[in-house]
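Those protein sequences? They're chains P and S, same order as listed.
All residue numbers for the first sequence refer to the working numbering, where the first residue is 1 and numbers rise by one.
All residue numbers for the second sequence refer to the working numbering, where the first residue is 1 and numbers rise by one.
Simulated from the structure, these hints should not be mistaken for lab results.
A portion of the hints provided could be inaccurate.
[Said to hold, decoys possible] Away from chain P, derived, C-beta distances all over 12 Å, residues of chain S:
| hint | residue |
| --- | --- |
| 1 | M1 |
| 2 | V3 |
| 3 | V4 |
| 4 | L7 |
| 5 | L11 |
| 6 | A14 |
| 7 | V15 |
| 8 | D67 |
| 9 | P70 |
[What the hints assert, rightly or not] Listed below are several chain P residues computed to face chain S (Cβ distance under 7 Å; list not exhaustive):
| hint | residue |
| --- | --- |
| 10 | E137 |
| 11 | V138 |
| 12 | L171 |
| 13 | F174 |
| 14 | G178 |
| 15 | L179 |
| 16 | G182 |
| 17 | P223 |
| 18 | W227 |
[Stated by the list, open to error] Pair ranges (Cβ atoms, derived):
| hint | chain 1 | residue 1 | chain 2 | residue 2 | range |
| --- | --- | --- | --- | --- | --- |
| 19 | S | V3 | P | R49 | 49 to 57 Å |
| 20 | S | V15 | P | T357 | 50 to 58 Å |
| 21 | S | A83 | P | G202 | 32 to 40 Å |
| 22 | P | G62 | S | T85 | 26 to 34 Å |
| 23 | S | A83 | P | L288 | 21 to 29 Å |
| 24 | P | A428 | S | R97 | 36 to 44 Å |
| 25 | P | L18 | S | V15 | 42 to 50 Å |
| 26 | P | R154 | S | L21 | 21 to 29 Å |
| 27 | P | L203 | S | L7 | 18 to 26 Å |
| 28 | S | V17 | P | A230 | 15 to 23 Å |
| 29 | S | A14 | P | D470 | 46 to 54 Å |
| 30 | P | G102 | S | V3 | 56 to 64 Å |
| 31 | S | A94 | P | R354 | 48 to 56 Å |
C-beta atoms are modelled at their ideal positions from N, C-alpha and C, and glycine is treated no differently.
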Amino acid sequence: MSGLLIAIFALPGIAGVLLWLLPLSPAAMRRLALSVAPIQLALAVAIVRAVAGGEVLVHGFGSWAPPFGIVFVADRLAALFLLLLAVLVFFTTWALRSMVHGEKTSRRALPLLFLLAFGLSGAFLTGDLFNLFVMFEVVLLASYLLLQVPGGDRSLRAAFPNIAINLVASLLFFVGVGLAYGATGTVNLADLAVRMGEGPGGLRLAALSMLVVAFGIKAGLAPFLYWLPASYPVLSGPVAALFAGMMTKLGVYALARTAPLLMQETAFQAVLVWAGAASALLAVVAALSEYELRRLLSFHISSQVGYMVLGLGLMTRAAIAGAVFYLVHHVLVKAALFFVADELERRSGTRDLRSMTAGAAGPAVAVGFVIAGFSLAGLPPFSGFFAKLGLLRGAFDASEWIVLAVLVVASFYTLASMLKVWRFAFDAPPAADRRGSLGTVIPLLGLVALSVVLALAAGPVFSYAEATADQLLDADAYVAAVAEVPGHRPAAGGFRP
Amino acid sequence: MIVVLALAVTLLVAVGVELLLGRSLFRAILGLSLLAHAANLVVLAAGGVGPAAPILARDGVRGQTADPLPQALVLTAIVISMAVTLYLIGLLRAKARDLASVAVEPAPAGDGDREPAAVAVELGAPGGSR
Numbered sequence: 001m002s003g004l005l006i007a008i009f010a011l012p013g014i015a016g017v018l019l020w021l022l023p024l025s026p027a028a029m030r031r032l033a034l035s036v037a038p039i040q041l042a043l044a045v046a047i048v049r050a051v052a053g054g055e056v057l058v059h060g061f062g063s064w065a066p067p068f069g070i071v072f073v074a075d076r077l078a079a080l081f082l083l084l085l086a087v088l089v090f091f092t093t094w095a096l097r098s099m100v101h102g103e104k105t106s107r108r109a110l111p112l113l114f115l116l117a118f119g120l121s122g123a124f125l126t127g128d129l130f131n132l133f134v135m136f137e138v139v140l141l142a143s144y145l146l147l148q149v150p151g152g153d154r155s156l157r158a159a160f161p162n163i164a165i166n167l168v169a170s171l172l173f174f175v176g177v178g179l180a181y182g183a184t185g186t187v188n189l190a191d192l193a194v195r196m197g198e199g200p201g202g203l204r205l206a207a208l209s210m211l212v213v214a215f216g217i218k219a220g221l222a223p224f225l226y227w228l229p230a231s232y233p234v235l236s237g238p239v240a241a242l243f244a245g246m247m248t249k250l251g252v253y254a255l256a257r258t259a260p261l262l263m264q265e266t267a268f269q270a271v272l273v274w275a276g277a278a279s280a281l282l283a284v285v286a287a288l289s290e291y292e293l294r295r296l297l298s299f300h301i302s303s304q305v306g307y308m309v310l311g312l313g314l315m316t317r318a319a320i321a322g323a324v325f326y327l328v329h330h331v332l333v334k335a336a337l338f339f340v341a342d343e344l345e346r347r348s349g350t351r352d353l354r355s356m357t358a359g360a361a362g363p364a365v366a367v368g369f370v371i372a373g374f375s376l377a378g379l380p381p382f383s384g385f386f387a388k389l390g391l392l393r394g395a396f397d398a399s400e401w402i403v404l405a406v407l408v409v410a411s412f413y414t415l416a417s418m419l420k421v422w423r424f425a426f427d428a429p430p431a432a433d434r435r436g437s438l439g440t441v442i443p444l445l446g447l448v449a450l451s452v453v454l455a456l457a458a459g460p461v462f463s464y465a466e467a468t469a470d471q472l473l474d475a476d477a478y479v480a481a482v483a484e485v486p487g488h489r490p491a492a493g494g495f496r497p
Numbered sequence: 001m002i003v004v005l006a007l008a009v010t011l012l013v014a015v016g017v018e019l020l021l022g023r024s025l026f027r028a029i030l031g032l033s034l035l036a037h038a039a040n041l042v043v044l045a046a047g048g049v050g051p052a053a054p055i056l057a058r059d060g061v062r063g064q065t066a067d068p069l070p071q072a073l074v075l076t077a078i079v080i081s082m083a084v085t086l087y088l089i090g091l092l093r094a095k096a097r098d099l100a101s102v103a104v105e106p107a108p109a110g111d112g113d114r115e116p117a118a119v120a121v122e123l124g125a126p127g128g129s130r
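Sequences and hints are given; from them, build the entire structure.
Listed below in structure tokens is the structure:
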């Protein structure tokens with residue numbers, strides 16, 4: 001079964017290299033991409049099915065037993081991220097058409113999309129802190145290149161701040177890994193979980209603080225969120241949807257993976273809760289004041305990442321389950337909204353809400369926006385309602401009244417900003433000329449349909465989220481699963497579960 | 001030895017931050033690569049500084065050699081930071097070609113920030129001179 005982990009990791013990498021190197025016509029590239037993406041989706045579904053019962057899939061590379069070799073670990077959390085990634089890669093490759101977005105864009109973006117998916121899969125699967133750093137870098141290099149795909153002045157202008165802040169975050173991450181190694185003598189996550197308590201306190205604190213700051217920057221958490229709205233609006237349409245859905249969630253994943261394993265101090269949990277609450281509120285206020293549609297949506301990403309991190313920081317079963325459910329809802333809905341933004345911008349020829357022709361996008365996009373936008377705001381009966389309900393219940397159970405208030409207030413602001421978009425971009429009778437191809441609207445409607453399905457199937461998904469929370473809170477089980485991997489062990493040293 | 005490393009890290013971080021916060025993109029790139037070197041030294045120091053190279057461990061006594069793992073980590077980090085630095089320099093060239101200016105923000109008229117343009121010329125970017 002652990003062969004699945006290799007397959008889902010290698011597949012997008014191979015596809016990316018082939019798309020890059022083979023002299024294919026745009027149509028052939030699209031065919032290749034659209035045949036790889038469903039396979040990736042099928043593999044992800046197979047992994048989720050394999051781990052849903054509580055089993056943890058582990059693969060040790062090169063017949064070295066952990067902690068000497070690198071391991072890939074798939075538990076419920078990793079499998080869920082892999083599935084969401086595969087869903088977004090599928091819809092993004094579908095939506096990226098050379099006829100619509102230009103031949104140059106699709107030819108340049110397609111290989112990079114798969115290389116990005118390759119790095120993200122590796123990051124979700126790895127059970128080794130240093131390997132996580134390397135995978136972060138793979139993802140970042142692909143994202144730097146994707147930022148330049150549209151070309152021109154704006155891409156260049158956005159590139160430098162984006163790269164600089166991500167590079168600083170990477171250096172903090174790297175030093176954090178080094179200090180953790182200095183404190184414990186290992187970089188294997190499971191082994192670190194065992195030994196973290198033994199290391200010198202100051203060194204441990206320094207290492208973990210650096211990791212939290214590094215992951216916080218990648219996740220777009222307050223106060224490190226301003227690079228995000230500066231770079232996402234530059235990306236070409238469908239690529240921005242993949243970024244909005246998955247890139248910041250890499251930071252969330254890294255926090256969700258390391259916090260229960262390594263951060264036993266309650267101080268870290270408080271930091272996560274308050275940084276989460278601060279970004280939930282600050283980012284949504286910033287979003288409300290924006291008139292550029294994709295900047296507005298980008299600020300919303302930070303706000304919702306705040307919700308998730310907050311749930312994670314509360315470190316109770318209900319709160320983490322709420323955060324996991326919120327993640328599923330957020331990835332689908334956010335990507336759908338970026339598809340909507342792409343449609344609106346292309347059809348009205350402007351990025352600014354104030355100069356958009358209301359009704360230009362046609363009824364199909366409007367329906368998609370209503371469902372996705374109201375879902376984002378947390379109105380029943382859409383998926384966002386159940387997601388927020390889960391988080392509010394978690395905060396209520398933990399008696400965090402201020403957090404509870406922040407969540408409710410932020411929801412009102414979210415609704416207000418969605419109504420603002422509605423008023424500027426849709427609140428008019430559809431224009432007579434609605435020749436825009438339905439083909440580009442289908443991926444958007446597909447994602448919206450998935451979010452509706454999520455609302456209808458909220459029960460089963462929420463029980464998966466609760467099971468994920470149980471698994472995350474049980475660090476010993478994670479350690480035991482990794483320690484079981486057979487392989488060669490040097491005579492001295494080794495794993496002490 | 002550890003004191004020397006600590007002083008070197010302090011110096012590299014100080015100079016790196018100073019360069020990064022300036023207006024010239026080329027200096028900022030230099031600053032970022034200095035910060036990367038500082039991070040590498042920290043990781044080397046965190047692994048413990050031994051008297052002998054790890055390759056000698058077969059004959060040597062345990063504890064007398066440097067820890068090889070941080071060296072492997074640093075090697076990986078060097079490769080990554082070199083790749084990113086090269087990419088940044090490539091972007092700088094493209095920017096110099098497009099804008100004939102490499103300041104972070106377009107300089108107001110009369111603000112003679114000559115130096116970045118000179119750098120662009122050094123890099124051989126066409127249109128880099130004003």
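Closest CB-CB distance from D67 of chain S to chain P, is it above 12 Å?
violated (8 Å)
Taking C-beta pairs only, is M1 of chain S more than 12 Å away from all of chain P?
holds (15 Å)
Using Cβ atoms and 12 Å as the threshold, tell me whether V15 of chain S really stays out of contact range of chain P.
Holds, because the least Cβ-Cβ distance between V15 of chain S and chain P comes to about 15 Å, which exceeds 12 Å.
Between V3 of chain S and R49 of chain P, does the C-beta distance stay in 49 to 57 Å?
With a Cβ separation near 56 Å, V3 of chain S and R49 of chain P satisfy 49 to 57 Å, so the hint holds.
Restraint satisfaction for G178 of chain P [CB to CB of chain S, less than 7 Å]
holds (3 Å)
With a cut-off of 7 Å on the beta carbons, see whether P223 of chain P makes it to chain S.
This hint is violated: P223 of chain P lies away from chain S, its Cβ roughly 17 Å from the closest one there, beyond 7 Å.
Status of the E137 of chain P interface restraint (C-beta, 7 Å, chain S):
holds (5 Å)
Interface restraint verdict for L171 of chain P against chain S (beta-carbon cut-off 7 Å):
holds (4 Å)
For P70 of chain S, is the shortest CB-to-CB distance to chain P above 12 Å, so the non-interface label stands?
violated (6 Å)
Would you say V4 of chain S is clear of chain P, with no C-beta pair closer than or equal to 12 Å?
About 17 Å separates V4 of chain S from the closest Cβ of chain P, which puts it past 12 Å; holds.
A cut-off of 12 Å on Cβ-Cβ distance, and A14 of chain S was said to be off the interface with chain P. Does that hold?
holds (15 Å)
Please check whether W227 of chain P passes as an interface residue: C-beta within 7 Å of a C-beta belonging to chain S.
violated (14 Å)
Violated hints for the displayed structure, listed by number in ascending order: 8, 9, 11, 17, 18, 23, 31.
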